[in-house]
Amino acid sequence: MSTMEIPLSPALPQQAKGESRFLRFAREFAASHIAVFGLAMLAVVIVVALAAPWIAPQNPYDLGKLDLLDARLPPGEKAGSGNMTYLLGTDGQGRDMLSAIMYGLRVSLMVGVASGAIALTLGAALGVLAAYLGGRFEQVLMRIVDIQLGFPAILVALILLAVLGKGVDKIIIALVTVQWAYYARTARSAALVERNKDYIEAARGLGLSARRIVLRHLLPNSLPPLIVVATVQVAHAIALEATLSFLGLGLPATEPSLGLLIANGYEYMLSGKYWISVYPGVALLATILAINLVGDQLRDVLNPRLAR
Amino acid sequence: MTVYILRRLAQTLLVLFVTALLVFFGLFLVGDPVEILVNPVADETERARASAALGLDKPIYEQFFIFLKNAITGNLGTSFVFGRSALEVIIERMPATLELAFLAMVIAVSLGVPLGIYAGLRPDSIAAKAIMAASILGFSLPTFWVGLLLILVFAVQLGWLPSTGRGPTVDVFGLQLSIVHWEGLKYALLPAINLALFKLSLIIRLARAQTREQVLLDYVKFARAKGLSKARVIGVHLLKNILIPLVTVIGLELGSVIAFAVVTETIFAWPGMGKLVIDSIFQLDRPVVVAYLLIVVFMFILINLAVDLLYSALDPRVRLAEAK
Amino acid sequence: MRLSGCLRAVVFSAALALALPAVAQDLVIGLSTPVTSLDPHFHNLSPNNNVADHMFDKLVHKDAKEQLKPGLAESWKAIDDTTWEFRLRKGVKWHDGTDFTADDVLATLKRIPTVPNSPASFATYTRPIKEAIAVDKATLRFKTERPHPLMPNDLVAIRIVQKKFAESAKTEDFNAGRALVGTGAYKFKEYVAGDRVVLERNDAFWGGKPAWKTVRMRMITSAPARVAALLAGDVQMIEAVPTADIAQLTKDSRVSVASAVSNRVIYLHLDSDRDKTPFVTDKAGKPLEKNPLKDARVRKAISLAIDRAAIASRIMEGQAQPAGQLLPDGFPGTSKTLTAPKIDQDAARKLLAEAGYPNGFAITLHTPNNRYINDEKAAQAVAQFLTRAGIDTKLEAMPSAVFFSRAGKLEFSFFLAGWGAETGETSSPLRALIATFNSQTGMGTANRGRFSDAGVDALLTVAMTNIDDTKRNLMLAAASDKAIGELQAIVPLHYEVSSWALRKGLTYTGRADQYTYAFEVRPGQPVDTARR
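These protein sequence lines map, in sequence, to chains A, B and C. Using the numbering used here, read the first sequence as starting at 28 and increasing by one per residue. Using the numbering used here, read the second sequence as starting at 267 and increasing by one per residue. Using the numbering used here, read the third sequence as starting at 187 and increasing by one per residue.
Worth flagging that the hints you see were computed from the coordinates, not collected in a lab. For each residue, glycine too, the CB sits at the ideal point set by N, CA and C. Check the hints yourself; a few may be wrong.
As the list claims (entries may be wrong) - Examples of chain B residues toward chain C, derived with CB under 8 Å:
#, residue
1, Gln277
2, Ile302
3, Val304
4, Val307
5, Ala308
6, Ala318
7, Phe346
8, Arg350
9, Arg359
10, Val422
11, Gly433
12, Pro434
13, Asp545
14, Gln549
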């Protein structure tokens, strides 16, 4: 690589002889210590979320087990009945904060990742297709996108809530409805640039089917900006769920997600009972940080356009 | 090009029609405005009167028809809650939201693009890592949380800025704006920062990603080989090439900032459209919600049109559908 | 001697005037719900009425405990069963200097039913008046169809406007300020929709010069932001203090908290009418053969299973009074024998067994989540207590826009709601919540459980036609005893306690009707204007 005054990232290690692709990928990933740290954090978050029903000290969704008289106890206090210690204190309903955070993480992750993944797939596919096909299809799709973008998430959530009721699946539907248009438009813009590049011309010249061109060539090359948006959108989806909960449109209050805990904690921010608002916020921050540290490195390693 | 623009504008009408339809029937499914608005002591006579006064005694199809008829003459209905023209109620609050959105975008773009480019040019420097870490913070926490935190720190503890509300306005070409002078600007700073944080993070990350890719391409080498200064290479050539996805996102965000400033406006008691629409949604004040959505969707159409036109200006390789 | 006494008075007041800083003249208040119109007859909504009361007067006013006191009418009496006579105060002037007369009242009454597009009209209060006559410039007589003992109470809702505006002004004229000429303590200065209302002092006010030169009422709907504004010194008083912050604010040396029990009772409504009700099943989810809520013992069991004191102290943080009937003690029409039941889960389980449900059953509790103070939280607590007593309770919360529509269509079996007694006495909740539903007579307008008992109806009907206050209140108390004590028509939970927070140096006597009146805020000492 020639030297230049505009600095480049240092050359990444070349593939050693006989090394499998996966191992090379792992090595490149591990080159960044921060990313490894992020991976470790993410692993902890995922394990906690999956194992919550077994490792949490209390099941905060079981109304029969909660004791209202234990509400708003500071961290370290014992329960009135004496059978447990609230390591992180309790919230306004008497739920153990530690357990609530574990269960809440579970729900929030599921909601954020599921809605993000579905919206990304749907949006990217439609957007790239629109850029490639052009014409009527593109026009109609982009107009639908215009309408969708204008519709506030709150209105969509309210209508869905009125018609379908509350629930994790309903929230995922609402979040997908709100997010897909964003991806579609971003994908289309990236694909528009790619569409006119030489390699697509070449592929067409070779007589490759439209499906192959779109799936194998256009889509992967339109991905980079989408991936940046996607990693941010997972966080955004969780925050959006928190905002909807804040407005009373989110998940049922008796089965709080991390977003709802944060929304509840909002009320307590001036009350001196910091544990109700701070700890869920820290948990969310750690999760998003982990996702993004890993995501950043993944993107850099996988991007075919960053020189090796 | 003109044909293209005309075609887009014609489609606009169709889009607006569909939007109105969706809102009408959507809100109809949510509930009955009379139940919310009427005083609970009211008896049947009073409820029937209220229903008739608001035009809600007719079947929903007829109501939609009447709405369409009036819409053609520019009358988008009378707000149930305010008793005034829905359009008037919204337009009254528009300058407040627009100036907040504008300020937020200015903050996000003017800070985000340079920071992102820098992080992309020197990705291993400490500064770049710090910028990236900070950008994660920017979108990790929900807006309402950060908003209150800003108020607590800057208004309650430090006392540097006012906690809520909009400052005094001055008349600028008939519009009442507050950010044109410091007295008003200081009220707008905290909510604008709150609103800008998410976009700032997104722009930084996007700019960085694009920069890292572009910097490795041949045209940069070529430009340097030609002897162009670093500043010119970055500021003119590089910038232009990273702009397309950036502009898309900025366009989307500008729209979303206006449409969704709801939470920020509520927390900072900023009397804009966002707060109005959320109140109207919860009170089932259909005329205001419909009028608002029509305005916002129309705005997105215009923004997206402008962005699409900008694409071909920025990148000659992009030829829009009609030019094929 | 007289002269030196006079001189002394002058010197004293001059000294006093110099001692008080000029800043003590302005008051900034943070309101919790937005004002939608300045037309006092357009929308019967609390924030609108609150602001209107600063500029306009009514014939009859209410004190902090909702007891009637003279307003523009100095005195009133029922001269027979269907005629009320009101003697008007003399010497009252409008903001523009003209005299207030009986004609203004007549014009106001004529205007009210004619206000177009009104989502919640005031005509409910004027409809009982069959005929209104001005006997002379200072005396009015109102004739009614049937005896109407609550005429003075109803008149508290009617703000009197000037004749010329009552006859010609439209709602826009009021919103723009042109027609905002009242007799009240403050004059209109400025209105920015969704942001603030600014008023200035009416020096010629008949009730004496008000304390504040300017009053700015700012709308800050987000509760924590409202508290933050108070702590930052941007406002000097806020209403609707969030319960989560009361403890902290009480300890804070910069502010003080004023509370008052309100006329709003939060209660549980039960479907006591239908044989098959949608949200009650056995614990396995299978429908039951009959609706357990029709049995008064089941309703009583539900009432006994709930720890009201815990809810009041833990959920409401002290901002609630456990309720055993429809209005707090001391209000007219309340029973002296009904008290808030203490939690007794053993008794509850026994009653359930007696009624044929030894293993309890399953039920869904519905609640709004943005209408009453901590509504969803209280409902969660109720669900907790009932589950422990053997009634597995699921909770479904939703915004009031969805909730009230569905409740109105009788879609629920068991739900939480509230009732604010506008009239300040128990006939209001008895008629609306417990009387048999009758769309013709307007009884049971909010009786969404369709409770019906002939005995209670009879007591209520007789009470409502009795002009004699004492007799009527006794009958209402008896009706409460029967409806709540014996039959448990609804399960009252608690009375909301309203709270206000003020910067140190200001005092406010909390009002049962939850209004925030700037003219009742008294400067105790010079105001601490913080750092601005």
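Cross-check of the supplied hints:
no.	hint	result
1	Gln277	violated (33 Å)
2	Ile302	holds (6 Å)
3	Val304	holds (5 Å)
4	Val307	holds (6 Å)
5	Ala308	holds (6 Å)
6	Ala318	violated (10 Å)
7	Phe346	holds (5 Å)
8	Arg350	holds (7 Å)
9	Arg359	holds (6 Å)
10	Val422	holds (5 Å)
11	Gly433	violated (11 Å)
12	Pro434	violated (10 Å)
13	Asp545	holds (7 Å)
14	Gln549	holds (7 Å)
Consistency note: the structure conflicts with the earlier hints numbered 1, 6, 11, 12.
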